[in-house]
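Numbering that gives the first Met the number 0 puts the first residue of the sequence shown at 0, with every later residue one more than the last.
Keep in mind that the hints were calculated from the coordinates and are not lab data. Quick caveat: nothing in here was measured; it's all calculated off a predicted structure. Do not take every clue at face value.
Pair by pair, the computed Cβ-Cβ distance ranges are [what the hints assert, rightly or not]:
no., residue 1, residue 2, range
1, 31, 77, 26 to 34 angstroms
2, 75, 54, 13 to 21 angstroms
3, 58, 35, 14 to 22 angstroms
4, 35, 77, 25 to 33 angstroms
5, 63, 43, 27 to 35 angstroms
6, 44, 77, 16 to 24 angstroms
7, 59, 36, 16 to 24 angstroms
Glycine residues also receive a C-beta, built at the ideal position from the N, C-alpha and C atoms.
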Amino acid sequence: MGDPRLYIGRRGGGHPRGRARRARGRDNDPWAWLRRHHERAYSFVDATSFALMRSLPIREALASDGDFAAAGSVELRA
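Could you build all of it, start to finish, from the sequences and the hints given here?
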């Protein structure tokens with residue numbers, strides 16, 4: 000399938016390399032977050048969500064494993 004960021008860039012009408020270049024800056028933040036937080040076994044997907052939530056005004060997450068609450072977000076349960 001390829002890189003999903005490139006697919007999203009094509010769907011949005013922008014140049015795919017330009018979209019991937021902008022998205023690449025966010026890739027470093029989850030890795031840095033994971034290096035700083037050894038208290039729990041967080042996944043890269045969770046760390047990416049934490050980085051995105053910090054960059055946007057999002058404080059709540061629908062989750063059930065406690066990782067978002069441990070990372071400082073409000074965890075909503077269904």
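If I claimed the Cβ atoms of residue 58 and residue 35 lie 14 to 22 angstroms apart, would that claim hold in this structure?
Because 20 angstroms falls inside the window, the suggested range holds.
Given a hinted range of 26 to 34 angstroms, is it respected by the beta-carbon distance of residue 31 and residue 77?
Because 31 angstroms falls inside the window, the suggested range holds.
If you check the beta carbons of residue 44 and residue 77, does the distance land in 16 to 24 angstroms?
Between residue 44 and residue 77, where Cβ atoms are some 19 angstroms apart, the hint holds.
Cβ-Cβ distance between residue 35 and residue 77: within 25 to 33 angstroms?
Between residue 35 and residue 77, where Cβ atoms are some 30 angstroms apart, the hint holds.
Is 16 to 24 angstroms a correct range for the gap between the Cβ atoms of residue 59 and residue 36?
At 20 angstroms between Cβs, range holds.
That 27 to 35 angstroms hint for residue 63 and residue 43 (C-beta), does it hold up?
violated, 19 angstroms
Assessment of proposed distance window 13 to 21 angstroms (beta carbons of residue 75, residue 54)
holds, 20 angstroms
Checked against the numbered hints given earlier, this structure breaks only hint 5.
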